[in-house]
Amino acid sequence: MVGVQQHTQYSGDIASALLAYYDRHARDLPWRSPPGTPPPDSYRVWMSEIMLQQTTVAAVFSYFEKFTERWPDFAALASADDADVMAAWAGLGYYSRVRNLIKCARVVVTEYGGELPETSVELAKLPGIGAYTAAAIAAIAFGERVAVVDANVERVVARLFAIETPLPAAKPEIRVAVNAITPADRPGDFAQAMMDLGASLCSVRNPQCLICPLKMHCAAQKAGFAETLPRKAAKKAKPERTGIAFWIERDGHVWLIRRPDHGMLGGMRSLPDDGWNARADGDSLPPFGADWSPVAGEVVHVFTHFRLTLRLTATAAPVDESCLPSGEWWPLKSLDSAGLPTLFSKAAKLAIRAREKF
DNA sequence: CATACGTGGTT
DNA sequence: TAACCAAGTAT
Numbered sequence: 141m142v143g144v145q146q147h148t149q150y151s152g153d154i155a156s157a158l159l160a161y162y163d164r165h166a167r168d169l170p171w172r173s174p175p176g177t178p179p180p181d182s183y184r185v186w187m188s189e190i191m192l193q194q195t196t197v198a199a200v201f202s203y204f205e206k207f208t209e210r211w212p213d214f215a216a217l218a219s220a221d222d223a224d225v226m227a228a229w230a231g232l233g234y235y236s237r238v239r240n241l242i243k244c245a246r247v248v249v250t251e252y253g254g255e256l257p258e259t260s261v262e263l264a265k266l267p268g269i270g271a272y273t274a275a276a277i278a279a280i281a282f283g284e285r286v287a288v289v290d291a292n293v294e295r296v297v298a299r300l301f302a303i304e305t306p307l308p309a310a311k312p313e314i315r316v317a318v319n320a321i322t323p324a325d326r327p328g329d330f331a332q333a334m335m336d337l338g339a340s341l342c343s344v345r346n347p348q349c350l351i352c353p354l355k356m357h358c359a360a361q362k363a364g365f366a367e368t369l370p371r372k373a374a375k376k377a378k379p380e381r382t383g384i385a386f387w388i389e390r391d392g393h394v395w396l397i398r399r400p401d402h403g404m405l406g407g408m409r410s411l412p413d414d415g416w417n418a419r420a421d422g423d424s425l426p427p428f429g430a431d432w433s434p435v436a437g438e439v440v441h442v443f444t445h446f447r448l449t450l451r452l453t454a455t456a457a458p459v460d461e462s463c464l465p466s467g468e469w470w471p472l473k474s475l476d477s478a479g480l481p482t483l484f485s486k487a488a489k490l491a492i493r494a495r496e497k498f
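With my numbering, the residue at position 172 of the first sequence is 312, and numbering never jumps.
Some hints here could point you the wrong way.
[Unchecked claim] Between beta-carbon pairs, the in silico distance windows are: (1) His165 with Ala377: 36 to 44 Å; (2) Ser156 with Thr195: 26 to 34 Å; (3) Phe443 with Arg371: 31 to 39 Å; (4) Arg447 with Ala199: 17 to 25 Å; (5) Arg447 with Thr196: 38 to 46 Å; (6) Pro178 with Ala436: 55 to 63 Å; (7) Glu251 with Met356: 44 to 52 Å; (8) Arg371 with His393: 50 to 58 Å.
[Unchecked claim] Straight-line Cα separation of at most 27 Å, BS3-like style, residue types lysine-lysine; simulated pairs: (9) Lys206 with Lys486; (10) Lys489 with Lys378; (11) Lys243 with Lys265; (12) Lys311 with Lys355; (13) Lys311 with Lys362; (14) Lys243 with Lys206; (15) Lys489 with Lys473; (16) Lys372 with Lys362.
Source of the hints: derived by calculation from the structure; they are not laboratory data. The structure displayed is predicted, hence computed values, not measured ones. Don't be surprised by glycine CBs; every beta carbon is placed ideally from N, CA and C.
Assemble the whole structure, with the sequences as input and the hints as a guide.
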């Protein structure tokens with residue numbers, strides 16, 4: 141790589157060029173203030189950063205609007221019912237985020253007087269806030285000069301300094317480089333500008349180097365191999381799993397359970413199933429003896445680390461309530477408001493479609 | 001350091 | 001279509 145030290149003397153130029161680009165091209169997003177203006181409400185910065193973890197801007201829009209309208213501040217969110225908040229998150233994925241979102245709001249209210257602490261060190265102690273999010277909130281909402289490093293920034297910086305070490309081994313080196321170019325003035329705008337650049341011109345494939353504001357500073361561009369960086373370790377193949385979900389219907393209602401807090405789709409409302417997980421197929425055993433019949437079709441759903449083929453088995457016969465797994469009857473007419481994660485939302489759709497054929 | 005943890009869009 | 005990837009965190 142080209143030494144970071146060697147570039148340090150130019151770091152001001154990099155920040156200046158990037159901020160000038162941001163002043164002209166910043167995306168207008170609901171959780172942002174315009175370049176160079178006072179920061180948004182830190183609650184909204186926090187909410188957006190949690191939602192944006194491993195999640196695209198396009199997917200976040202409607203959830204951000206829904207959450208901030210319904211729960212406009214920490215006090216409102218802290219006093220909400222868990223089930224309502226979990227259901228509102230359904231479909232966004234990575235459900236540990238919403239469990240931690242609730243926890244964090246309650247800690248902020250009970251231990252911080254309803255306002256976020258203002259330093260990255262204190263922020264990182266809160267549930268659901270790791271190194272990236274702590275730095276992002278501190279820089280964007282509170283103006284702390286701190287290195288904000290997400291996947292976009294890793295890519296931009298790996299190219300800027302031609303860092304050829306593969307990820308994740310290159311992370312410490314990248315962090316040092318980001319710290320060296322982060323300005324004391326407008327660190328929040330700088331962080332968002334780096335992420336905007338990584339999300340647009342400095343994209344994974346086909347980076348638009350010719351019109352990049354950092355072209356003159358970019359070692360990989362000069363060497364002609366920007367698109368090959370950052371290097372990454374090869375990924376493992378996804379295992380295939382199978383499982384069965386159980387559709388238990390009576391008088392226009394279906395029986396829904398709440399999943400355990402830990403593990404796949406933790407804490408979410410779901411159909412009962414046969415115990416499939418990341419490590420093993422389901423056991424195919426219904427939760428109780430009844431007149432079960434298979435539902436035609438299947439749901440194929442791809443998770444981060446395995447692919448699941450889920451089949452459905454249904455019963456509509458009267459059942460002994462005491463046999464049912466812990467749960468609740470949910471009206472079919474308002475199934476949309478149950479907050480089922482996408483896997484079970486697909487399964488429910490399949491069951492209802494099969495049912496309408498009769 | 002590796003693994004578990006969702007979902008939808010892009011190529 | 002299968003692979004890759006996104007404003008990561010917790011363990």
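Now for the hints, and whether the structure bears them out:
| no. | hint | result |
| --- | --- | --- |
| 1 | His165 with Ala377: 36 to 44 Å | 39 Å, holds |
| 2 | Ser156 with Thr195: 26 to 34 Å | 31 Å, holds |
| 3 | Phe443 with Arg371: 31 to 39 Å | 26 Å, violated |
| 4 | Arg447 with Ala199: 17 to 25 Å | 21 Å, holds |
| 5 | Arg447 with Thr196: 38 to 46 Å | 21 Å, violated |
| 6 | Pro178 with Ala436: 55 to 63 Å | 58 Å, holds |
| 7 | Glu251 with Met356: 44 to 52 Å | 48 Å, holds |
| 8 | Arg371 with His393: 50 to 58 Å | 54 Å, holds |
| 9 | Lys206 with Lys486 | 22 Å, holds |
| 10 | Lys489 with Lys378 | 26 Å, holds |
| 11 | Lys243 with Lys265 | 12 Å, holds |
| 12 | Lys311 with Lys355 | 23 Å, holds |
| 13 | Lys311 with Lys362 | 23 Å, holds |
| 14 | Lys243 with Lys206 | 19 Å, holds |
| 15 | Lys489 with Lys473 | 12 Å, holds |
| 16 | Lys372 with Lys362 | 21 Å, holds |
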